[in-house]
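Could you build all of it, start to finish, from the sequences and the hints given here?
Chains as they are written, first to last, in our numbering: chain R, 15 to 321; chain S, -14 to 490; chain B, 52 to 433.
Watch out, some of these pointers could steer you wrong.
In silico DMTMM-like pairs for lysine to aspartate or glutamate, Cα to Cα no more than 25 Å straight-line [what the hints assert, rightly or not]: (1) R:315 with S:78; (2) R:315 with S:322; (3) B:382 with R:301.
Among chain R residues calculated to face chain S with C-beta under 10 Å, some are [said to hold, decoys possible]: (4) 23; (5) 176; (6) 190; (7) 191; (8) 192; (9) 226.
Label pairs and their calculated CB-CB ranges [said to hold, decoys possible]: (10) B:224 with R:307: 50 to 60 Å; (11) B:247 with R:304: 55 to 65 Å; (12) S:443 with B:273: 34 to 44 Å; (13) B:63 with S:302: 41 to 51 Å; (14) S:166 with B:407: 47 to 57 Å; (15) R:293 with S:249: 20 to 30 Å; (16) R:274 with S:93: 51 to 61 Å; (17) R:160 with S:111: 46 to 56 Å; (18) S:72 with R:315: 34 to 44 Å; (19) S:93 with R:159: 30 to 40 Å; (20) B:62 with R:159: 54 to 64 Å.
Because the hints were derived from the structure by calculation, they are not lab data.
Backbone N, C-alpha and C define an ideal beta-carbon position, used for all residues, glycine too.
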Amino acid sequence: MTLSVTPLVASAIAAAIPLLIAALGELVTERAGLLNLGLEGMMLMGALAAFVAITHGASLPWALLAGMLAGAAGALVFGFLTITLQASQVATGLSLTILGAGISSFLGRDYVGYRAPATFETLPIPGLADLPVVGPLFDLNVLGYAALLAVVGVWYFLQRSRLGLHLRSVGESPAVARSLGLRVNRIRYGAVLFGGAMAGMAGTYYALAQLKMWQEGLTSGNGWIALALVVFATWRPGRVAIGALLFGGVTALGLWLQTVGVGVSTFALASLPYLATIVVLVSISADQQALRRHAPAALGKPFFDGD
Amino acid sequence: MTPPLLRLAGITKSYATVQALAGVDLDVRAGEIHAVLGENGAGKSTLMKSIFGAVQPDGGVIEWEGRPITIASPVAARSCGIAMVFQHFALFESMTVVENVALALGERSSLSVLASRLTEVSSRYGLAINPGQSVHRLSVGERQRVEIVRCLLQSPRLLIMDEPTSVLTPQAIDQLFETLRRLAAEGTAILYVSHKLDEIRRLCDRATIIRQGRVVGTADPRQETASRLAELMIGHSFPQTERRAKREGAIALEVAGLDVPADGPFGTALRDISFRVRAGEVLGIAGISGNGQSELLAALLGSTASAAHSVMLGDRPVGALGAAARRGLGLALVPEERLGVGAVPEMSLAQNALLTAYGQGLVQRGVVAMKRTWAYAERCIADYSVRASGAGAPAASLSGGNLQKFIVAREIAQGPRVLVLAQPTWGVDVAATAFIRQRVIDLAANGVAVLVISDDLAEILEICDRVAVLASGRLSPERDVHATHAAEIGRWMAGVFIDAEVVAA
Amino acid sequence: MMGFELVRRAAPSRRMQVLAPLQAVLLTLMAGLGLFALLGQNPMHAFHEFFIAPLSTANGVSELLLKASPLCLIGLGLAIAYRANVWNIGAEGQMYMGGVFATGLAIHFQESWGAFLLPAMIVAGMAGGMLWASLTALCRARFHASEILVSLMLTYVANLVVKYLVFGPWQDPQANNFPLTVEFQDNALFPLLAALGWEWFEGTRLNLSIVITLVAIPLAWFFCQRTFAGFQLAVAGVAPAAARYAGFSASRAIWMAMLASGGAAGLAGVSEVAGPIGQLNDRWTPEYGFTAIIVATLARLNPLAVPVAALLMALLYLGGESVQIGLQLPKSISQVFQGLLLMFLLGSEVLVRFRLRRRHPTAHAAPSASVSVATAAGEKAA
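Dropping the structure here:
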């Protein structure tokens, strides 16, 4: 049994990309003070929309757009209920997951079992893609490269741009932001919609780049792992990327151990990502001081614009 | 004659249950310092927010330089030249000073350009601040400087100051007044909102007095006596508390060498706190909020554990015990926050009685005795003349003063040996304030040890026998209230005793 | 929302607390009619097929009760947990473990334990649910990890544990490699009500486990409304700082909330494997643990309203099966209805704390950053 590192890295990165995309979107949403637990539901809706589009003859860019719009549509429902109608963020996020799972399985029934007619294929960067170990980083599909750019983009937006400063202030204290004249609800809607579009993109990745087909519940809990990643990263984009790679690594390791056939049940190996999530959450959350220092102060708290 | 800079006529505003403003008229001229005087709940804050565009009045006219306008938002107010320093600072803890300033200014200049302008303006008015500093590292006084400089950067023509001195030491108040006088001399109009009569008489040229949402008079505060202003403000003469004869007993509460880590990233650690309170006396701990007050309260209450012998109730070491156990040993406590800590807003007064009085036979074998709980709440309501529709009224439906009376009643009715009160009259109207203070004094006269933690120096001097100051997590030496004066306490509030101690050691 | 704005009420409206769930149900029914029409069905016919036909026979009613019973049981536990603001969303996994523990006894001791087997299975199932929930309680109370994420992750793990058992050590050797255990013997099954001499239930699958649910309803109500522990949980839920001030232990509240909801879910697991299923297999639950989240929410965490909400959700399941057979529509339509109902409910709940008011004329100027010059008087409140 030989462990060759490069393929393992490649498979870790492949598992990491959709987590990274979804978590970056959620990070922006949470930095504006909104906790959207509906990530899984929005990813499923995005995945189905992209698959339906491609099956009906859309090109890849249009399918991606369809996926992102479907995710954003779910986010719009979340935003309307929590921002405009003051519903509980936790309850609304959970409902969005239930609704997204229901709608996608209902509308997706006729698409189960077909292969996608077109898929996102890798575009190796000549020279770099053949490097040992780090090579797979330069052998990604378009969504993969977009995810890496998004890490830098989200960081720059939050830390360096004026709008990013506004968004952070809204997540810190919406009441104060409003007293300074910022349009709190508009900024929050924007952040939620961005999170939804990114979730839709992550769903598209599962349907058109990884599995290359539609199946019920194809995200298999990865939306929830992405939520945990945001906490793990203490709301910082760079650390989301590292965390996504770690989780991708755990998944890849499990898959690799299955193929080489160690004497462990496949079910035990399949549970590795979920157990890893718990371990990570526990170790990160144990230091409450650090968590409170980095968490957006208004995260999950209701804010009414009318008092 | 030129029209006033700002004129309000017949401004009204109602909320769900109360009419906050019932037709207010006001005019402010350029270059004057104009006081808006009124007690807690009179409608001052709503009026100021209407001028600043943060609240939309239901009716009435606002004129700016003689022209009627609608101030739709704070942005609109700022574009006219109206700026406001809030009572609870509108600052973001986790951001830097310059980021905070940038958020308030609508313009698109870069942070570094802004930082240099900030430094320039702050040095011109003697308000030194470091633009790159994180706000959570600043003292309360420094935070107010940030707020003021942020306003000054907009070259305002009207500056609204909402209760600006409640968080300042006497020395810092003098400094603030100097800045305000200088601004007025340069032609800026200043609206100074307060309920502190002596400050208004020192600073302001004119005063508009409001009561229950109406203007009840205008006056030249320098020509009027404090008691005349007070009468205008509350509608009757100022209630006085009566001291009772002192009978000091045994030590009921002792804190010795207490160290507590900071509560959260923006908290203050307590270092080596020691004091004693005897049965029958009232000890006051003065100081500006944020200097370790919440940590001290948590350590006394028992929600933060400490070394067993660092907190003693009588001769029982209780530092390691939880809040319920300490309550069982005769400790009662009135917290600073009423809604959400002292009372559960959406629960009834009966349920809120159960919150801490469960040890008074209200729970039997794990089951709530509904009738007794109800009766306990009704008794608190009756004995303290709490204005409420009954024991079934939700806590959130009571005014601040009435809810505070209910909480104090609930704690005192448990017959405590030690009563701790934090900011007992913060945001409470004058009548309820006098009532609560009198009950506290009477309680001590009956042999209970009382500790009052407050940033209202006048309150401490009125009801306490001895006073110490908490600053930067350290406790100053104690003084008899008759043997000290505001200036000494003020220096201690600024932490001066800490250096003196170091020198002595 | 154009032309209207929300105004906070002085106190929550008791009338709307009752009306909001009804409004949500009504909106869901209307959306359902629209959805059927979109699918090319005659809306009234489909409506009848979905909501009325399942209840037109005694067997239909008994199937409704058979589904409502575990939903109600789990919903009661979740209502208690959510009152404490402990968001256990892993009841599904806790239910699996209840089923697993009960099955362990059923297949290993069915010869030797005789009449004691079923009571032992009930206790074991409850313990299994509590044990699984206690992992979440530990992570949350001791390490402050989010109970939402931990309990959900553990549900995926519990699902894999079930799979491991039924594909592996507990697999019935005669099952041709199908993932299921042997069928339980009678002493490991809840007796059918029909077999106890109640003729009305003749031919139905309704069994004695419903008694557990019927007992649990008043118990849960008493706990929430009358006991000091229930009061402490409620305070911890709505005002954690007040709970700290009063000296109520936060970690005790978490443990109680998790154990109550985990125990209830475990019991529901027993009532399924020792009831209509009669064995353990890898897909035995139609996601009762997740649906019960909707049950608890729809009941506004009131234990006496939980049974009503459970019956309604059970009807959605039956309706889904009915239109699948009658109209060839996919069964997952009931999941869509569940999601819609929850969304409408959350939207309707706004009216408990707020009321709608016609927008103030001056407020139209609000978005503009400039100062608008207005005529003198026309600004009276609407």
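List, from low to high, the hint numbers that the structure doesn't satisfy.
-> 3, 4, 9, 12 and 18
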